[in-house]
Amino acid sequence: MTDVLLRQRSEDPVAPRDVVRRSARRTRNWAALVWVAPAFGMYALFVLYPMLQSIQYSFYDWDGIGPAKPAGLDNWKAIFTQPELLHSVEHAFILIVFYSVLPVGLGLVAAALIRELRPGAFSTTARVMLFIPQVLPLVAAGIAWTWMYSSDGLVNQVLRAVGLERHTRAWLGDFTFALPAVGVIGVWVMLGFCTVLLLAGIGKIEPELYEAARLDGAGRVHEFLAVTLPGLRRELVVCTTFTVIAALASFDVIQISTQGGPGYQTMVPGVEIYRLTFLQQHVGQASALAVFLAALVLVIIWPIQRLGRER
Amino acid sequence: MRSLNLYRTAVGAVAALLLAACAPGGNSEAGPAPSKPVSTGVGSEPATLRLLVNSGVDVPFYTALGELFHAKYGNVTVKVDNQDYATLTTNVAHILAGSTAPDIVRVSQLGNLIEDHLLTNLDPYAKAYGWDKWPQSQFASTRVGPDGKQRGTGSLYAVGPGFGLTGVYYNKALAQRIGMSRPPATAAEFDELLGKAKNAGLQPIMINGKDGGSVYPLQNLVMSSAAAAQAVQDWNYAKPGATINTPATVNGATVLQRWGRSGYLPADVNDIDQTRAPREFLDGNGVFFPSGNWQAPGLDKSGAGKFGFFLFPPGQAGGPSYAMTAAANLGIAAKSSHADVAAAFLDFIQTNIQARQDTVTLGGLVPAGPADAPPPTAAAGSAVAATVGAFQELLKSNGLVGFMADATASIHVNSLIPQTQLLLAGKTTPAAYAAKVQSDYERDLRR
Chain A
1 MTDVLLRQRS EDPVAPRDVV RRSARRTRNW AALVWVAPAF GMYALFVLYP
51 MLQSIQYSFY DWDGIGPAKP AGLDNWKAIF TQPELLHSVE HAFILIVFYS
101 VLPVGLGLVA AALIRELRPG AFSTTARVML FIPQVLPLVA AGIAWTWMYS
151 SDGLVNQVLR AVGLERHTRA WLGDFTFALP AVGVIGVWVM LGFCTVLLLA
201 GIGKIEPELY EAARLDGAGR VHEFLAVTLP GLRRELVVCT TFTVIAALAS
251 FDVIQISTQG GPGYQTMVPG VEIYRLTFLQ QHVGQASALA VFLAALVLVI
301 IWPIQRLGRE R
Chain B
1 MRSLNLYRTA VGAVAALLLA ACAPGGNSEA GPAPSKPVST GVGSEPATLR
51 LLVNSGVDVP FYTALGELFH AKYGNVTVKV DNQDYATLTT NVAHILAGST
101 APDIVRVSQL GNLIEDHLLT NLDPYAKAYG WDKWPQSQFA STRVGPDGKQ
151 RGTGSLYAVG PGFGLTGVYY NKALAQRIGM SRPPATAAEF DELLGKAKNA
201 GLQPIMINGK DGGSVYPLQN LVMSSAAAAQ AVQDWNYAKP GATINTPATV
251 NGATVLQRWG RSGYLPADVN DIDQTRAPRE FLDGNGVFFP SGNWQAPGLD
301 KSGAGKFGFF LFPPGQAGGP SYAMTAAANL GIAAKSSHAD VAAAFLDFIQ
351 TNIQARQDTV TLGGLVPAGP ADAPPPTAAA GSAVAATVGA FQELLKSNGL
401 VGFMADATAS IHVNSLIPQT QLLLAGKTTP AAYAAKVQSD YERDLRR
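Protein chains in written order, with the UniProt record's numbering: chain A, 1 to 311; chain B, 1 to 447.
Heads up, some of the hints might be wrong.
[Said to hold, decoys possible] In silico DSBU-like links for lysine-lysine, alpha-carbon gap of 35 Å or less: (1) B:K427 with A:K77; (2) B:K149 with B:K436; (3) B:K196 with A:K77; (4) B:K198 with A:K69; (5) A:K69 with B:K335; (6) A:K69 with B:K149; (7) B:K127 with B:K149; (8) B:K196 with B:K301; (9) B:K127 with B:K239; (10) B:K306 with B:K149; (11) A:K77 with B:K239; (12) B:K335 with B:K133; (13) A:K69 with B:K301; (14) B:K79 with B:K301; (15) B:K436 with B:K196; (16) B:K127 with B:K335; (17) A:K77 with B:K149; (18) B:K133 with B:K239; (19) B:K198 with B:K427; (20) B:K172 with B:K306; (21) B:K196 with B:K172; (22) B:K198 with B:K436; (23) B:K436 with B:K239; (24) B:K172 with B:K335.
Treat the hints as calculated values from the structure; they're not laboratory data.
Isolated chain B, as found in the complex (with noise of 0.2 Å):
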């Protein structure tokens, strides 16, 4: 009896709330606020600008051009905090939405924070400081549409210092051995090379598999099919209809596949994870590393001179080179009370020479900014200097594209990892994987 009434009555009060409440989260159909007419000036009033941004390297880095800002414009106080890019990228948005939100955020993924109306939108700004006249493939990761979903299209909502970029390192003195003189012009070509590794006894590819930099690979192998790389970067943006279900997906996969069956790849490659993979390729174990421009400074540190950097070679020799590319970006908080001193910020580290050079040796990245900028300077022959040529190249032909891994909030750890891992060993057939992509795909962005 009592417990039949304790369940009634918990059925009740279940069922009460159910019916009753009105749907969780806040509303915010109300749609963007109309812009506020802008400055380019920091005024002359005392400001703090609050700075959220990534443990690590991030840190020193951001911190060096808060003081680059502050020593230009006495006023402005630039305050870092930092939290760590696991803990950050899933809190931003509750960070935004909170009542102590920072000015500026540094922001990996956009996910909702548009939808839901966090970011301050930027185009007034981007016409007001001029960097609609730049070079425009550098703001299209971050520009969303009207739906709040779709990018590369649309409004301007965070910009950033640099870029990452990547591409293939080599060992040289093993390129040697294996009879390589310069840079394979094909994926044919680059082929040929792992078989004769291979042939000599030596690991071809040194890559981490356990978390996700197969992927780097694969997709450079399926932007080398003709006209597959605007087809991958509408898929990253999110563009109505994209589909990575294609041949040149199913092709890039069966190549992959068969270079993990040769053993081009490492036998334990889902084991290998991003700290393992450059250790052992700095041991000499791999003549070449897929990775990006971060692990430039770290090659470099450890062996000068020792390691070189190439773009995945094209299909078709004289081809279009392709490289995945991530801006650092940062965002303005909506709810941010200093937007203008915030812009003047994110257009100074664009564009001030010190800053952009900060962004190459303390940050790791390459900067953009202005068509007619200085590059940077390097050490001659340094795997840095080669990045950050690659990437002005790169910039000029239009060849960035986003990383799939970015291309909805969780296609990397719950799609592209654990499915490669699976055609790596065996257990999924190219067909499969390129369906399975697709359709996990269209699950994140609810189609």
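Pulled out of the complex, with its shape left as it was, chain A reads as follows (with noise of 0.2 Å):
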């Protein structure tokens, strides 16, 4: 968008003949709108209204549907005083390294080694075997791993059969490991996600640039760091900030899988809302947790975007 925005002024330069073409083109951009105009006006009542309207209920004490009770910042507040709604808040952050960090590092190094791969059946299987959890809806992904990590679960066998016994626990029901054993379910659902997107940008790099690198003489981690790398800048951006998002608004699979327990150690902005709205019709402290979620969505996603605009 931008980038339209900046040709179009370096293609202004007043130049004074051209006031004709100027005017010519104000009606052109006002039939431009008529053509946008459903589209728009969709996208106004779909999205633009309820983000407003979630604005304004931030400001009120309201249960969904008797009167409400304008509260002023309290429920803005509440977000910064109440420890559990902060804590919430921490948790995402944490869920950042499993659902972003992990997926977009494992995934760089998994796309590398499946481009080197001959095509053929192994590749295939090791690409198909990546991306499955990504097809799973993650409602059933999040059962699937509540039996896994339960006391006589898989992960709990695997562990006694290789002598580990005593570090078996019950992952999910444990005050220190509740949270990463969640975070592993998110490194699982998106791996293949990410390690598709990347081997879809590899296989643009050109492969003369490869070429080139060997000719020069690199080795593989040159190779992948002067090739790879900085070809790869576009998807990555699109990695990180689809991975970023799904771990700040984070839902399901903690409903499915801890309901925010042991004590509030996995509890997320997504299922605190969720109970705010619809167990505690605190309506206006949903929308006020809600609307701070977005905009924190959004600093955060900026500088990833504008780190992939840049040259």
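Both chains are sitting in their own frames, so use the hints and assemble them into the complex.
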């Protein structure tokens, strides 16, 4: 978008002769607006209006049905003073490591390795296996992992089988390990998405670049750093953006596997917003937290997007 | 420049919206509608009564009740729709406020339904049908005061076919091994039995701490302190000034924490959910299983005669027993156009002999109703029979107390479950536990 704007502006340097052309463009713009209107109307009605409504609700004490009482900034203050709400936001940030940092990092490694494989049954199998978690509904993933993590589930069976009996535990019921355990589910889900996207990106890098790097005597690591990584800038930005949003807005996996427990150990804003709205009927408080979460996502996504746009 | 303008426009728009727009929500300051004269007849016009209940066991149960009703009143057809528990609980207000509200709806929690005038006041029907002559403790939990919040007082808004009831199941064979010849007479005696079970290498208690089963014994321990049951009931009903931050709660929490530490509760208690706990108990993992009568049909089916049931023992020998109870409540939508027919149905399911039998066998609940109504039958020695017997006793002695979990809409998931998990993990103290639950409660009630 900015690119377009910049280009328009650079073409603009006012030449006196094109007053006529200018007015012509004005008319064209109005025509364009007419074409955009239906889509914009829908967008305004179903996206912008509800967003503004949420902002409005966040200043009220409202149960969703009856009359609303103005609440000033109370709902906003609560986000920063109620330890449970604040902790849920902290947990969302910890989840970024699992939903974003690890999958993108591992995805890069996996994609670089798969690139080296000759196309064939093995490389296809590897891709499919990595991508399958992305196809499963998150609810199904949550249930399956809950079984695997239970006291006599697969994870503990494996630990017992290799003689690590004393490290077995009820992973999702353990105060220290519940959040990382939920995070691992995120790694599992997100890894496939990142790998496939990055593989597609690698496919677009011109083979000559790799050849040139080889001729210059670059080893694998060098080649990766000098060719693959810079070539994947856009894909990395998409991956990171998508996974960071998934981390901050996570809901399904937590709601299914731990419901925020044990204690408040895995509570995240998504689950908190759901409960505030539907269980507690504190629509105002829920809206405040939702708006805060949306703003947080934007603030974090913005630098990532900038990073991708440079050059 | 351009972005600044955009920014100004956006801020302007938001500000205008916030200032100019009226507050969200309907205008329901008008107060309840004046009560219309009611009739106890169902008339002769053909009518369809629409019921909205929870998915699962509710569906065949209420369908059967509907067929019984239709058999008696040929002009009335009962149509049963269902939504799963969580969906219905979260959407019930919007469903009742909508234009296609059902006539009768299963209400698990009254929440703001009364404040927002979404349910019909049943007082005129209670009078017309004589429900006001029945034991009144069965209606306490669905009476709501004029403030729309305090329960246990004021007008009646829902009634139902029967009640859930909690107590302690025991594995008869394992109980014999630790020398338990009769149910414990006091909480202290129960404590001793747990120690014996532990020494015998058995798992004393099986319980689900992941989704709140561990709150049951806690509430029972609290209520075993002298006079604490009334305080808990007041708290449940949001009586002004009620508090749970009491020595009784601190004592109860201390005992439960000690049980956890002594290995009386499963080591992974916080990871056991309500589907796993009964399965483990059926498999012989656990001498005792504190839970409710909804488990009885399942236990009888899988191990007839192997499991017994007793009410949680009182603090003092011979003292009153208490159990947590919750009614399966049905309310009549304020928008229903067949309120009289709906009320006739509610009276029918509480009094008809076959309906009361279905309540036990299909609903897994114990019916209440008039004091002189014959109790339904159940196989002697079965867990179901034990729960039905215990309920009749408690109904007479006023020993039925609501679940702390139902005190506010979110106290269970937001406070009792996580705080009890912290308590059992030794990450909070009994005193902090009691204080935190109380402060969350006050916040929920906006006090």
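How the hints compare with the structure:
1. B:K427 with A:K77: 27 Å, holds
2. B:K149 with B:K436: 21 Å, holds
3. B:K196 with A:K77: 52 Å, violated
4. B:K198 with A:K69: 55 Å, violated
5. A:K69 with B:K335: 25 Å, holds
6. A:K69 with B:K149: 17 Å, holds
7. B:K127 with B:K149: 23 Å, holds
8. B:K196 with B:K301: This hinted pair holds, its Cα atoms lying about 29 Å apart.
9. B:K127 with B:K239: 25 Å, holds
10. B:K306 with B:K149: Roughly 43 Å between the alpha carbons, so the hint for K306 of chain B and K149 of chain B is violated.
11. A:K77 with B:K239: 28 Å, holds
12. B:K335 with B:K133: Satisfied, since the Cα-Cα distance of roughly 28 Å is no more than 35 Å.
13. A:K69 with B:K301: 52 Å, violated
14. B:K79 with B:K301: Cα-Cα ~30 Å, so holds.
15. B:K436 with B:K196: 34 Å, holds
16. B:K127 with B:K335: 21 Å, holds
17. A:K77 with B:K149: Cα-Cα ~26 Å, so holds.
18. B:K133 with B:K239: 25 Å, holds
19. B:K198 with B:K427: Cα-Cα ~24 Å, so holds.
20. B:K172 with B:K306: 6 Å, holds
21. B:K196 with B:K172: 15 Å, holds
22. B:K198 with B:K436: Measuring from Cα to Cα gives roughly 31 Å; hence the hint holds.
23. B:K436 with B:K239: Since the Cα atoms of K436 of chain B and K239 of chain B sit roughly 19 Å apart, the hinted pair holds (cutoff 35 Å).
24. B:K172 with B:K335: Given that 35 Å is the threshold and the Cα spacing comes to 51 Å, the pair is violated.
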